[in-house]
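Protein sequence lines correspond, in order, to chains A and B.
Mind the numbering: the first sequence is residues 0 to 168 in numbering that gives the first Met the number 0, read in order.
Mind the numbering: the second sequence is residues 0 to 283 in numbering that gives the first Met the number 0, read in order.
Mixed in with the good hints, there may be bad ones.
[As the list claims (entries may be wrong)] In silico SDA-like links for lysine to any residue, alpha-carbon gap of 25 angstroms or less:
| id | chain 1 | residue 1 | chain 2 | residue 2 |
| --- | --- | --- | --- | --- |
| 1 | B | K211 | B | R89 |
| 2 | B | K239 | B | G213 |
| 3 | B | K239 | A | L102 |
| 4 | B | K239 | A | L94 |
| 5 | B | K211 | B | D228 |
| 6 | B | K239 | A | G125 |
| 7 | B | K211 | B | L88 |
| 8 | B | K211 | B | I190 |
| 9 | B | K239 | B | T249 |
FYI, nobody ran anything at the bench for these hints, they're computed from the structure.
Since the structure is predicted, the reported quantities are computational estimates derived from the model, not experimental observations.
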Amino acid sequence: MIWIIAVPLLILAALLQSAVLTQIQIFGGSLGLPLLMVLCWSILRPEEGLGWAALGGLFSDLLSGGPLGSTSIAFTIAALAAGQLQGRLWGRHPLIIMALALLGTGISHLVSLALLGFTGRPVDVGFALAYVTLPTAFFNTLFVLPVYGLLSRLHYATRGKPAVSELEE
Amino acid sequence: MSELRRRILLALALIVGAIGLLFLQRSGYWAPIAGLIQPPLVGVQRSFSRAYYDFRDFLTAPRSLAQLQARNAQLEAEVAQLEAQVVTLREQTAQLDVLSALLGFAREQPASRYITAQVVGRDTNPFLRYLILDQGSDSGVQRGMPVVSQNGLVGRISEVTASASKVQLIIDPQSSVNAKIQGAATPAEGIVTGQPTGELVLTFVPQDATMKAGDLVVTSGLGGGFPPDILIGQIISVHKRDYELYQTATIQPRNDFSSLEILLIIVNFQPINVQPLESGVSTP
């Protein structure tokens, strides 16, 4: 059921990223909507977050001049880390979600840079981290809560009966 | 099996799948699949970008000055075109002087043939600088064709499907363009490369070459990747140190790459692949 919604949603996010969000840049950074959606879903449903990461990355790669599959790998590793860490920390506190967005952006960009290097397109890592990753991480941290809020609604609308542990939460 | 182990195994499987896609792309088998997937995406993207441009124009344009703004834009475009013509003519004149004096012949340059294309998307990878255009092989677009605007060089076609193409911008970190300083007293040639921040740097300029802030940088035509004398930008600072082999310069591109909407693809220029010759030279 969720995949019927997830696939068009992730395609829409990639299209919005390519056609609109990349044009709204401040200090070299712009909001990374597909990554934020993947990270938020990994926090809400870690078991499905990995699938979202692979698909979200693939759709982003289709609209990129970069190597196909590289964003999928970067998103998958970031989603794995986000899904793992949130359970070990204080549940879904807003500060934790913001910290995970910051961390997820960093991991995803580092993996992306490494893959660009492996595929023969090296980018100056220090420069890229300072001028692209830092501002992007800032925007992602700033906007993760509204994205999380919207996806939470989807999560509650599409889940079955709430688990006892969730009700206690 | 623990939850963590299950997730790691799933992540590994997805990563292996993604690596498979990467190899598929590298081996060239992805192109037909991309040809099927991309046209509908580009269609939707075109609507999105059109809506965004309209929305942006609506927000930024003062209503009462709309006509004035349109007239201003028209005049700016004309000035930019005339500036580009002046640059080309000045360079041609300089070349003609030299060639006429030495060899006694006039240089002929075939007129470029263009097709227009609309920018429908930008690269989703924040470290790369590519644009997606709404013209593809159906319109005669081929890989390697140069892309320009009325302000000068934009980039070159890096990937083509039937109805869309991707342009690697000259500000992409992997882009390199052979360039020269227009009208320099001593030959000043180098390579213009992009930076992750979107700036341009002219490198490998010999120490004895003369260049200064304000000089115009144009394509040299060397390497066969671009036609000569297309305006790239203007030097804003020169970095020259006596202990280095070459001097470098920071260039202000003439194009504002964040606001490109309509571009021209030069369709009658065939890029020359000089790589086999270069490898032949380097082999002992």
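Right, here's what the structure says about each hint:
Only pairs whose Cα atoms come within 25 angstroms are accepted, and K211 of chain B paired with R89 of chain B is accepted, the gap being roughly 18 angstroms. The suggested pairing of K239 of chain B with G213 of chain B holds, with an alpha-carbon distance near 16 angstroms, which does not exceed 25 angstroms. At most 25 angstroms may separate the alpha-carbon atoms for a hinted pair to count; K239 of chain B and L102 of chain A exceed this at roughly 40 angstroms. In summary, the hint linking K239 of chain B to L94 of chain A is not supported, as the alpha carbons are separated by about 48 angstroms, beyond the 25 angstroms threshold.
Restraint check: the Cα-Cα separation between K211 of chain B and D228 of chain B comes to about 19 angstroms, which is no more than 25 angstroms; the hinted pair holds. Between K239 of chain B and G125 of chain A the alpha-carbon distance is near 23 angstroms, which keeps this suggested pair within the 25 angstroms criterion. A distance of roughly 21 angstroms separates the Cα atoms of K211 of chain B and L88 of chain B; the hinted pair therefore holds under the 25 angstroms criterion. A threshold of 25 angstroms between alpha carbons decides the hint, and for K211 of chain B with I190 of chain B the separation of about 16 angstroms falls inside it, so the pair holds.
A threshold of 25 angstroms between alpha carbons decides the hint, and for K239 of chain B with T249 of chain B the separation of about 11 angstroms falls inside it, so the pair holds.
The structure is inconsistent with the numbered hints 3 and 4, although it conforms to all the rest.
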